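A.B. asks: From just these sequences and the hints, can you work out the full model?
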Amino acid sequence: MNIKEAARKEELLESGHRLCAGCSESIIVRQVFMALRGPTIVTEATGCLEVATTIDPYTSWKLPWIHSAFENAAATATGIDVAFRVFKRKGRSKYEQVDVLAFGGDGATYDIGFQALSGAIERGDDFLYVLYDNEAYMNTGIQRSGGTPRGASTTTTPPGKAIPGKPQYKKPIDLIIAAHGDCYVATASPAYWKDLIEKARKGIEKDGPGFLHAISPCPRGWRYDMQSTIELARLAVETCYFPLWEYDGEYKLTGRSARIADKPELKKPLEDFIKPQGRFRHLFRPENKEVLDALQDDVDSYWERLLQLVSCVK
Amino acid sequence: MIVGLSGDEAVAYGVKQADVDIVAAYPITPQTIIVEKFSEFYDNGEVDTEFVPVESEHSALSACVGASAAGARAFTATASQGLALMHEIVYIASGLRLPIVMAVVNRALSAPINIHGDHSDMMAERDSGWIQIFVEDAQEAYDATLQSFRIAEDLNVQLPVMYGLDGFTISHTLQRVEMFEDLKALDFVGRRELAKVRIFDKLVDYALDPENPLSLGPLSLPDYYFEHKRQQEEAIYRSSETIKKINEEFGEISGRYYGNGLIELYRIEDADLSIICMGSTAGTTKEVIDRLRADGKKVGLIKVRTFRPFPKDDILKGIRGLKGVAVLDRSGSYGGIGGPLFGDVRNAINDLKGEKPLILNYIYGLGGRDITMEMIKGIYDDLESEEKHDLVSYVGLRS
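One line per chain: the protein sequences are L and H, in this order.
Numbering of the first sequence is given in the working numbering, commencing with residue 1 and proceeding in unit increments.
Numbering of the second sequence is given in the working numbering, commencing with residue 1001 and proceeding in unit increments.
Just so you know, these hints were derived from the structure itself, not from any lab.
Treat the numbers as computed from the prediction; the structure is a model and nothing was measured.
Each residue gets a CB set at the ideal place from its N, CA and C atoms; glycine is no exception.
One should not assume that every hint holds.
[Stated by the list, open to error] Among the chain H residues that face chain L by a calculated CB cut under 8 angstroms, a handful are:
hint : residue
1    : ALA1063
2    : LEU1208
3    : PRO1210
4    : GLU1211
5    : LEU1216
6    : LEU1219
7    : SER1220
8    : LEU1221
C.D. replies: Take a look at the structure:
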């Protein structure tokens, strides 16, 4: 798809919703929608995206949409997928094919909905799960999640005198999902829209579960100027904080990340990504240098792990 | 067709005949036979249903929500801890007005862990907005399965239905069950018709349909939430008429009537004393009544079939003229005034014109503790005695 074709697609997330200025969630959703191939139904976990786009009696969604609870988007997707499979078999469906999309934030995916997601993938249900990862429970006021990076300040990991931000690492959710086996897995950044759209399309076309993990900068939670959203989404990739890759039986780096793997000098320092963000500000105090180093280690070891996984198949 | 079936098997056969689109379930004692039997049908290609073996009860009901919202006929079955785990989605299913049907094989809630029958699991969902039916035996378990789809999917109702069968007492006991031929069952249940909703000037199916995109389950704030919940309450009150109508219709083709569908009165016309209870204990009580009647005792039974909607007026009609009423609860309401059934009956009696009967509560059978004919006779004796009564007594409890 080129940018002209993308621009001609009908907008399926209507403007007028209440997402914050500078929020990347609607950008991700609209990019995913550019990848649709036909009749599609959306289910969503509880979160910012849900509460800000459907304030009764208004809705931004021009696709059939259902929100049930926080932890069950994948199980709800199963139900929808199975229902349309049965309708088709019984000759009761108006549609040859209905695609199912599930959207969940990091809290809904890394934490509370992890079991339902793992179960649905193990069963081989046919849907694309889109994780918009803003790295904390932003909807409830910026509390830490399994997706929050080490050292980050959140309202439940405030940089205190004894504990300077989140003590734990960011869980490698995408590698865990890939370990399920027969599932299309990809990471994406809204700064690289073409890569994101292509991956969303692959996930939709996959006859079985797909998992698209999109980094989702959040001006309120990350504490940066709202005009920098796409820049940060780009820096996350350029610094190898959030590498772009995909898995469909084998691991492959894509786009900018593939180029960095070939030419390591292209890699930017992690500081470029974290310096503009208030949530990391305390890490630049001398007494917290250890935490900053540990965060760098997390990023390096994840990147090394990816390089190994990629080289395995070469 | 007359067959010997356990209550669980009777449920599985009912689901098979109802041409359900999706069964999503997770195993838990004493519900397992339902899932196992249905898996047999599925693996032998005997049903045109998708069976989804989910990883938890929470996902079982969540998958039913997704499927039912897509327009499918959805069924699940659970018990005890499984229903407790579903709790969150139980409210969502009714709030979204999805006609899901669920068999609950009633079992005590932990702790301490116990696998046997009592009603604490369904009572914990009392205020969830689901229609709640308690059945007496395997036959009624089969019949209620078929009836529940009709009740839930009725366009005047559009609410989920859970029906309870006592764990082991009904679920695992082989009983005589009269089944319909497949076509006759399907003819009774029919196909699910979708409700319509008005979107601007157009009536569209209340379902997830790409042609008419609806947003289901939005954020509803103080300006709209209250009205949604009130509409839901009106629907469950309205369901009384539907339940009665379906009970009649079912009786006409089967010869089996369950009172008026909401309550069943047994030898109550000239009775002085009555028990009010639910579930399998109603069967035991009928047997005791027959024997006591043979001795000239004027005793009867009011079997409550639908705990929700609570059949207040029907119960009052049954109670009118009685001298004593014993309400039997198979679950507690800890820190409250007696058990949950007692609370409602005693509340209803406030509306009784004229002299009110003595009304007492008997808590029994927790964790599957046996309730014998002797104990039930003891309750009638207690009700009849001139001695001072405790408002709440515990039957079969060791001192």
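A.B. asks: Which numbered hints are broken by the structure, listed smallest first?
C.D. replies: Hint check: nothing fails, all pass.
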